[in-house]
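Enquirer: Sequence order for the protein chains is A, B and C.
In terms of the working numbering, the first sequence is residues 1 to 218.
In terms of the working numbering, the second sequence is residues 1 to 240.
In terms of the working numbering, the third sequence is residues 1 to 243.
Errors might be hidden in some of the hints.
Quick list of simulated restraints, FRET-style, between CB atoms [to be verified]: (1) P200(A) <-> I212(B): 35 to 43 Å; (2) L21(A) <-> P81(B): 26 to 34 Å; (3) N23(C) <-> L214(B): 20 to 28 Å; (4) I37(A) <-> Q203(C): 37 to 45 Å; (5) E117(C) <-> R47(A): 43 to 51 Å; (6) R221(C) <-> L144(A): 33 to 41 Å; (7) L211(B) <-> R132(A): 42 to 50 Å; (8) R29(C) <-> Y204(A): 36 to 44 Å; (9) S213(B) <-> I37(A): 33 to 41 Å.
Covered stretches of chain A (chain C as the covering partner; in silico rule of three or more C-beta atoms under 8 Å from a C-beta of chain C) [unchecked claim]: (10) 93-106; (11) 183-192.
Source of the hints: derived by calculation from the structure; they are not laboratory data.
Quick caveat, the model's predicted, so the values are computed rather than measured.
Glycine included, C-beta positions come from ideal geometry on N, C-alpha and C.
Chain residues, written in single-letter form:
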Amino acid sequence: MIQSFGFSSLPILLHGALWTLILSASTFVAAGIFSLIFALLRVLGPRPVRLLIAGYIELVQATPLLILLFLAYYGLSFLGYYFPPLAAAVISLTLYATAFLADIWRGCIEAIPKQQWEAADALAMSTPQKLRYVILPQAFRISLGPTVGFLVQIVKNTSVTALISFVELTRAGQLLNNMTFQPFEVFLTVAAMYFIICYPLSYYSEYLQGGKRARSST
Amino acid sequence: MAYQMHFGPVLDRAPEFVDGTINTILLSGQGIVIGLAIGLAVAIIRVEGPRWLDQIAVAYIEIIRNTPLLVQVFLFFFGLPYIGLRLSADTSAIIAISFNLGAYSAEIFRAGFLAIPKSQIEAGLALGLTRLQTIRYVVIVPALKVVFPALTGQLTLTLLGSSVVCAISANELTLAASKVESLTFRSLETFLVAGAIYVTLTFVFRFTYWLISLWLFHRKDPARFQIAGALPHGQERVEA
Amino acid sequence: MPAVQLNNIKKCYGALCVLDGINLSVEPRDVVAVIGQSGSGKSTMLRCINGLEQIQGGSIDIVGHRIEPGTHSLRSLRKEVGMVFQSYNLFPHLNVAENIMLAPRVVKNVPKQEAWETAQMVLKQVGLADKVGAYPDELSGGQQQRVAIARSLAMKPKVMLFDEVTSALDPQLTGEVLKTIAELAAAGMTMILVTHEMGFARQVANRTVFMYKGQIWEEGRSEDLFAAPKTPELRSFIAPNLK
Ligand SMILES: Nc1ncnc2c1ncn2[C@@H]1O[C@H](COP(=O)(O)OP(=O)(O)OP(=O)(O)O)[C@@H](O)[C@H]1O
Ligand SMILES: [Mg+2]
Numbered sequence: 001m002i003q004s005f006g007f008s009s010l011p012i013l014l015h016g017a018l019w020t021l022i023l024s025a026s027t028f029v030a031a032g033i034f035s036l037i038f039a040l041l042r043v044l045g046p047r048p049v050r051l052l053i054a055g056y057i058e059l060v061q062a063t064p065l066l067i068l069l070f071l072a073y074y075g076l077s078f079l080g081y082y083f084p085p086l087a088a089a090v091i092s093l094t095l096y097a098t099a100f101l102a103d104i105w106r107g108c109i110e111a112i113p114k115q116q117w118e119a120a121d122a123l124a125m126s127t128p129q130k131l132r133y134v135i136l137p138q139a140f141r142i143s144l145g146p147t148v149g150f151l152v153q154i155v156k157n158t159s160v161t162a163l164i165s166f167v168e169l170t171r172a173g174q175l176l177n178n179m180t181f182q183p184f185e186v187f188l189t190v191a192a193m194y195f196i197i198c199y200p201l202s203y204y205s206e207y208l209q210g211g212k213r214a215r216s217s218t
Numbered sequence: 001m002a003y004q005m006h007f008g009p010v011l012d013r014a015p016e017f018v019d020g021t022i023n024t025i026l027l028s029g030q031g032i033v034i035g036l037a038i039g040l041a042v043a044i045i046r047v048e049g050p051r052w053l054d055q056i057a058v059a060y061i062e063i064i065r066n067t068p069l070l071v072q073v074f075l076f077f078f079g080l081p082y083i084g085l086r087l088s089a090d091t092s093a094i095i096a097i098s099f100n101l102g103a104y105s106a107e108i109f110r111a112g113f114l115a116i117p118k119s120q121i122e123a124g125l126a127l128g129l130t131r132l133q134t135i136r137y138v139v140i141v142p143a144l145k146v147v148f149p150a151l152t153g154q155l156t157l158t159l160l161g162s163s164v165v166c167a168i169s170a171n172e173l174t175l176a177a178s179k180v181e182s183l184t185f186r187s188l189e190t191f192l193v194a195g196a197i198y199v200t201l202t203f204v205f206r207f208t209y210w211l212i213s214l215w216l217f218h219r220k221d222p223a224r225f226q227i228a229g230a231l232p233h234g235q236e237r238v239e240a
Numbered sequence: 001m002p003a004v005q006l007n008n009i010k011k012c013y014g015a016l017c018v019l020d021g022i023n024l025s026v027e028p029r030d031v032v033a034v035i036g037q038s039g040s041g042k043s044t045m046l047r048c049i050n051g052l053e054q055i056q057g058g059s060i061d062i063v064g065h066r067i068e069p070g071t072h073s074l075r076s077l078r079k080e081v082g083m084v085f086q087s088y089n090l091f092p093h094l095n096v097a098e099n100i101m102l103a104p105r106v107v108k109n110v111p112k113q114e115a116w117e118t119a120q121m122v123l124k125q126v127g128l129a130d131k132v133g134a135y136p137d138e139l140s141g142g143q144q145q146r147v148a149i150a151r152s153l154a155m156k157p158k159v160m161l162f163d164e165v166t167s168a169l170d171p172q173l174t175g176e177v178l179k180t181i182a183e184l185a186a187a188g189m190t191m192i193l194v195t196h197e198m199g200f201a202r203q204v205a206n207r208t209v210f211m212y213k214g215q216i217w218e219e220g221r222s223e224d225l226f227a228a229p230k231t232p233e234l235r236s237f238i239a240p241n242l243k
């Protein structure tokens, strides 16, 4: 079926973009929960736990997201689980994002001066109270900019799930390309849609961090 | 029912993995060299260039950083033929990776330049060096030292990110692994092996960066010149 | 019964023994000044008394609690022992009232209204009743330090520890903080204060302890100690201050 690329093609891409957003949001929520736990354990946990988490972070940061995705999608199904593309996508994106976000948040927690811990100690606060009322509120403020910045990486990372045929924005572009054979127009539109999602986030992240900073990512 | 891992059939395909690994090294190695050159040029434009060029540079950087590498790969692969350039998947992949890294490294280099005190640049100009000569001889090494960790972090992301170019069938490790997987049907084992190779590659690359940093920064460490008596008294030490 | 008693406490970092057998007894309503050279172990001793540092030998009896090497649960003790730091350490994300009310509310479960009233009372005590809503970065160093004292007072401590609380301040700001501490002393608070202000130690503290190389080298009534130092070390330590 050959049709030409035009306004009639937009619904396909918009539908894909919606899934990109859903995937990004799910990943952010899941990775956020794990990252908070990991960041806290990385700072406060017993030594073996701290080492374990540090090892996890090192290992995942040295592995391509695509390999994690293939492991989840093709690999684990052989273990007797069937992983639909959505599940494989969320699981691998979460594993991946957690390794970076936990690291970012650990840095934010460690940036709070040790005197703040001691002042809370001297006021007889328990560890959960110190975290809840003194450390985490301050760490949260520092983390906002980098966290929003990382959200941009998550959105972009979701694009690789196209390679296990999960129909998000990039995959929608591929499908549309197969129908129209107008790859340049199609992928330019896809890129523009990513840009529309990501640029405001990047801008806000830089605003939160007070000026331009060098960011890094894939 | 427990799944029995069998690495045998996968390891029989060692030659494919070796080929894939070499291709990944070549692909990301070339991407890194070209990408860093682009990044350096763009950073210099951003710091020193005229306003209109700076605006183009900013547009380039923002577009690259706010779109996925995979989409950029598709755009270069499918888009270049439109302007009459019919390139192989491998070449398109290198170009896409280079332009991607160019944008990220430009911002990193720029941060490094901005971290160098103005007085250093003024000192260079006062000695009669041109602006570019000042950058070349006075600014680059200290600036690089400041941003070296950020830069090598980005290069690791580039190495690992290169896996997505298997989407246009460019030859590299992930594509090789996919082929092995479809031949052996041993998905878990195949991608575990591929993952292990990537992890190893990452550490080898990081080790290389570390060696480069020793060569770049230690060699120029004035403390060593001082011991050798080569640095006259009163000459200021360039603090990173 | 003494409010605080240190029994032969020891604290070492590797081979360096920062506290090398300290014995000290502080009666209720005592104000004890601790003086000595930088590095003589003054801060370390204070930090051991409320358990910010672990001791390695001896024991500390403090308002009915006992600290020994390895003692871990110190929260009940810290409810009764206040500490004020050189660098104020106010919580920057909370305003003055919130800084003061936080610990009574969450640690002692004091009702909000009562905590609020206590906060106003202690702020009046340190002369900052008009600053309840200010954030730490809107206050001068001296004001921040007085808020830190108020925050500690709001826990209604039985003993207060001060670690060089004026050494980050200009002379005129130092005066307002010292005045606050002198008022507390007059009101009968039991206090141990590490200080470099010799004149202040002499006037406000009824006893002074001179630390030297991790030991209590000399101690006594402040007047006697400053008027007639017995050891040459103390003599040379206070000589420049008496001019
Ligand atoms: N965590 C630590 N590790 C190793 N040595 C330490 C540590 N903390 C303190 N010290 C050492 O213990 C000694 C006593 O320190 P302390 O802070 O108690 O001195 P101080 O009398 O309060 O000095 P100052 O007047 O400068 O505050 C110093 O020599 C210091 O270097
Ligand atoms: Mg001290």
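Enquirer: If a hint holds in the structure, say so; if it doesn't, say that too.
Expert: Evaluated hints:
{"no.": "1", "hint": "P200(A) <-> I212(B): 35 to 43 Å", "verdict": "holds (37 Å)"}
{"no.": "2", "hint": "L21(A) <-> P81(B): 26 to 34 Å", "verdict": "holds (32 Å)"}
{"no.": "3", "hint": "N23(C) <-> L214(B): 20 to 28 Å", "verdict": "violated (54 Å)"}
{"no.": "4", "hint": "I37(A) <-> Q203(C): 37 to 45 Å", "verdict": "violated (53 Å)"}
{"no.": "5", "hint": "E117(C) <-> R47(A): 43 to 51 Å", "verdict": "holds (45 Å)"}
{"no.": "6", "hint": "R221(C) <-> L144(A): 33 to 41 Å", "verdict": "violated (56 Å)"}
{"no.": "7", "hint": "L211(B) <-> R132(A): 42 to 50 Å", "verdict": "holds (46 Å)"}
{"no.": "8", "hint": "R29(C) <-> Y204(A): 36 to 44 Å", "verdict": "violated (57 Å)"}
{"no.": "9", "hint": "S213(B) <-> I37(A): 33 to 41 Å", "verdict": "holds (34 Å)"}
{"no.": "10", "hint": "93-106", "verdict": "violated (count 0)"}
{"no.": "11", "hint": "183-192", "verdict": "violated (count 0)"}
The structure fails hints 3, 4, 6, 8, 10 and 11 (numbered hints given earlier, in ascending order).
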